[in-house]
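Chemist: The lines below spell out each chain.
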Amino acid sequence: MKDGVVIEVEGLSRRFGHFLAVDKVSFDVKRGEIFGYLGANGAGKSTTIRMLCGLLKPSEGRAAVNGVDVAHDPEGVKRSIGYMSQKFSLYMDLTVTENLEFFGGAYGLSRRQLAVRTDEVLRAVDMIEQRDTRTGDLPGGMRQRVALASAMIHDPPILFLDEPTAGVDPEARRTFWQLIRTLAGQGTTIFVTTHYMDEAEYCHRIGLMVDGRLVALDAPEVLKRTHVPGRICRVEGSGASRALPVLGGLPGVLEAHPFGAGLHVRFDETRTGMAALQAALHDKGLDGFALTPIAPTLEDVFLAVVEAK
Amino acid sequence: MRYFIRTVQAVVRKELRQTFRDKRMAAILFIAPVLQLTLLGFAVDMDVDNVPTLVVDQDRSPASRDLLARMLADATFARTQEGDDPDGPMARGEVSVAVVVPRGYSEDVKKGRPAEIQVLIDGTDPVRAQSAMAGVLEFLTQESLHMATARAVAMAQASGRAVEVPMISVVPRVFYNPSLKSPIYMVPGVAAVVLLVVTTVVTAMSIAREKELGTIEQLLVTPMRPVALLLGKIIPFALLGLIAGGLVIAVGTHVFDVPVRGSVLALFLGMLLYLMSTLGTGVFISTVANNQQQAILGSFFFIMPAILLSGFMSPVENMPEWIQLISRLDPARYFVQILRAVLLKGAGVEDLAGPLLALLTFGVGILALGTLRFRKRVA
Ligand SMILES: Nc1ncnc2c1ncn2[C@@H]1O[C@H](COP(=O)(O)OP(=O)(O)OP(=O)(O)O)[C@@H](O)[C@H]1O
Ligand SMILES: [Mg+2]
Numbered sequence: 001m002k003d004g005v006v007i008e009v010e011g012l013s014r015r016f017g018h019f020l021a022v023d024k025v026s027f028d029v030k031r032g033e034i035f036g037y038l039g040a041n042g043a044g045k046s047t048t049i050r051m052l053c054g055l056l057k058p059s060e061g062r063a064a065v066n067g068v069d070v071a072h073d074p075e076g077v078k079r080s081i082g083y084m085s086q087k088f089s090l091y092m093d094l095t096v097t098e099n100l101e102f103f104g105g106a107y108g109l110s111r112r113q114l115a116v117r118t119d120e121v122l123r124a125v126d127m128i129e130q131r132d133t134r135t136g137d138l139p140g141g142m143r144q145r146v147a148l149a150s151a152m153i154h155d156p157p158i159l160f161l162d163e164p165t166a167g168v169d170p171e172a173r174r175t176f177w178q179l180i181r182t183l184a185g186q187g188t189t190i191f192v193t194t195h196y197m198d199e200a201e202y203c204h205r206i207g208l209m210v211d212g213r214l215v216a217l218d219a220p221e222v223l224k225r226t227h228v229p230g231r232i233c234r235v236e237g238s239g240a241s242r243a244l245p246v247l248g249g250l251p252g253v254l255e256a257h258p259f260g261a262g263l264h265v266r267f268d269e270t271r272t273g274m275a276a277l278q279a280a281l282h283d284k285g286l287d288g289f290a291l292t293p294i295a296p297t298l299e300d301v302f303l304a305v306v307e308a309k
Numbered sequence: 001m002r003y004f005i006r007t008v009q010a011v012v013r014k015e016l017r018q019t020f021r022d023k024r025m026a027a028i029l030f031i032a033p034v035l036q037l038t039l040l041g042f043a044v045d046m047d048v049d050n051v052p053t054l055v056v057d058q059d060r061s062p063a064s065r066d067l068l069a070r071m072l073a074d075a076t077f078a079r080t081q082e083g084d085d086p087d088g089p090m091a092r093g094e095v096s097v098a099v100v101v102p103r104g105y106s107e108d109v110k111k112g113r114p115a116e117i118q119v120l121i122d123g124t125d126p127v128r129a130q131s132a133m134a135g136v137l138e139f140l141t142q143e144s145l146h147m148a149t150a151r152a153v154a155m156a157q158a159s160g161r162a163v164e165v166p167m168i169s170v171v172p173r174v175f176y177n178p179s180l181k182s183p184i185y186m187v188p189g190v191a192a193v194v195l196l197v198v199t200t201v202v203t204a205m206s207i208a209r210e211k212e213l214g215t216i217e218q219l220l221v222t223p224m225r226p227v228a229l230l231l232g233k234i235i236p237f238a239l240l241g242l243i244a245g246g247l248v249i250a251v252g253t254h255v256f257d258v259p260v261r262g263s264v265l266a267l268f269l270g271m272l273l274y275l276m277s278t279l280g281t282g283v284f285i286s287t288v289a290n291n292q293q294q295a296i297l298g299s300f301f302f303i304m305p306a307i308l309l310s311g312f313m314s315p316v317e318n319m320p321e322w323i324q325l326i327s328r329l330d331p332a333r334y335f336v337q338i339l340r341a342v343l344l345k346g347a348g349v350e351d352l353a354g355p356l357l358a359l360l361t362f363g364v365g366i367l368a369l370g371t372l373r374f375r376k377r378v379a
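If you read the sequences in order, they're chains A and Y. Position 71, counted from 1, in the first sequence is what my numbering calls 71; the numbers after and before it change by one each time, with no gaps. Position 158, counted from 1, in the second sequence is what my numbering calls 158; the numbers after and before it change by one each time, with no gaps.
It is worth saying that the hints were derived from the structure and are not from the lab. Please read these numbers as outputs of a predicted model, since none were measured by experiment. Be aware that one or more of the hints could be misleading.
Under the rule of at most 27 angstroms between Cα atoms (straight-line distance), these lysine-lysine pairs were calculated in the BS3-like manner [as the list claims (entries may be wrong)]:
id, chain 1, residue 1, chain 2, residue 2
1, A, Lys30, A, Lys224
2, Y, Lys110, Y, Lys376
3, A, Lys87, Y, Lys211
4, A, Lys57, Y, Lys23
5, A, Lys284, A, Lys224
6, A, Lys224, A, Lys309
7, Y, Lys211, A, Lys57
8, Y, Lys376, A, Lys87
9, A, Lys87, Y, Lys23
Based on the sequences and whatever the hints tell you, model everything.
Modeler: Dropping the structure here:
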């Protein structure tokens, strides 16, 4: 095991019949890192996670989690990980504590350990007050927190979270990510999948999955710098569609595309600038546009990467 | 080992909690068996009595009135109508039997001429029709016998000679179910059927539900052994099944006067082994089914033939040879056999080695198969 590396993946593939769901994926995740796995529906995120959790045998390649090979000793892997599956999977008819008690029992915790851990995880996810509520009666965001609590009832060093915030309101999502960052700060390694680009910003590093392949892998800022070079500005005003061909043809403009009601224009700041763009519009009789500089998002990275394919 | 036991305990506790929290589940387990037994017990009561009968007395004589009154005195027939046209009420299903005493009946009897009585029977339900026919025939045969004897005696006395009327007297003695009440024969069968339905369906559904909801994935990612999971599923339902089974037997003895003549140990042993078979089948079905609906469907795919071949309605010995052969694979057949033997014939464990062994074989076999399939699917 390389220094501090807790998840090692090398050329990992998974085939379903003739269909290649995961295609020779390689990456490392370090202790305490939040590793985000980003991709559209069907990109192969869940398949990768299920292989890493010992739920699915890899077709090819190798993966070690906490130093244990997932193909040779899936049972050994299970002890050191917590897993929150994409499908909500607690018992709705049991209370929060009953769920935790059951999963704790499934990990072989003794009564004493269980009592201690139940308190700890409930406190960690801030659900002490709801401990005797039926899980089915909780709102979505709270359920996800209970699911997280139950995934860490046995205090695993590594957590695999498969779209933990799917279908949860933005406020609850923020709370959830706060939690994840706190956990990582305490040394837990977190492997999380999502298709919310804004969430991915919270990750230390992200891997971009497209059709089973890992097409980009780095810290969010680095990805932005390499895949979306230059600067971006938002163009707002009436008649934005007429402005698009004008700006798109200018020297130094790398890319221009409609975004919401306006446009996003990316340009090489060594060759042009916002004033030059404004002037070009004025020359064509297009006035009244507001240009504001914006920071690139992972959405831009994603589009750039997919376009480059 | 300690870990293994803890995981089994955790599953057992969870299953019990879920079962009792789900009102429907508790109802399926406890109320349904008792209700089914009671309903089925009364419904399959094949004793024919209170047959609705139409009386057409065209003779209107003291003799005809007397004859009809005595015929209806027995509970077998119940006079529901009087009239002169038997066809209408029978077609409408209002009566199943019509007795027509034609004009001149008393005259014929008095003169010693053969008298004729017409009996019409609705043959839609052959069992009922046969019983009714037998009842009428029995009564009227006795009646003519009496008349003939009385007449012979009267004639002999008139001529001053002694009279001897030869007769065969039959003294039947029926074993095990002396009053030939059908519930006593049916209750063991119904008990077997009820337990079969409840335990197989509940087990199959409880595992299929975890698949459907996706909770199974969360279980499989724990280091818990698949065998521990299955044990945790089976133990509570075996216990609940035993309780439900005891309840059914208790209802049988109290409501239907079913005796318990044999060894309670044999009864318990038989039930335990039988439950092993039905629960094992439930597990097996759940490895094939992906959701609860498929689990129910699969269960009935097994339950229907199992019931038909169990001999709970008609004796297995009356079935064609090849069906008898197939019925050897039916755990319900052995349990029905054990129940009847223990309850009615007073059998003990030593008398039932054969069927007990058969149940054991089936139970161990299907449980092993189910477990193996379950583990394979998991891997
Ligand atoms: N058991 C399976 N059998 C056959 N195909 C499968 C199986 N599991 C997944 N797939 C296919 O593999 C591909 C990748 O699926 P996966 O669930 O890994 O995607 P994902 O990135 O998690 O997508 P989502 O965002 O929808 O969860 C999909 O096309 C899916 O249909
Ligand atoms: Mg997925």
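Chemist: Return the numbers of the hints above that this structure violates; sort them in rising order.
Modeler: Numbers 2, 4, 5 - these are the hints that the structure violates, sorted from lowest upward.
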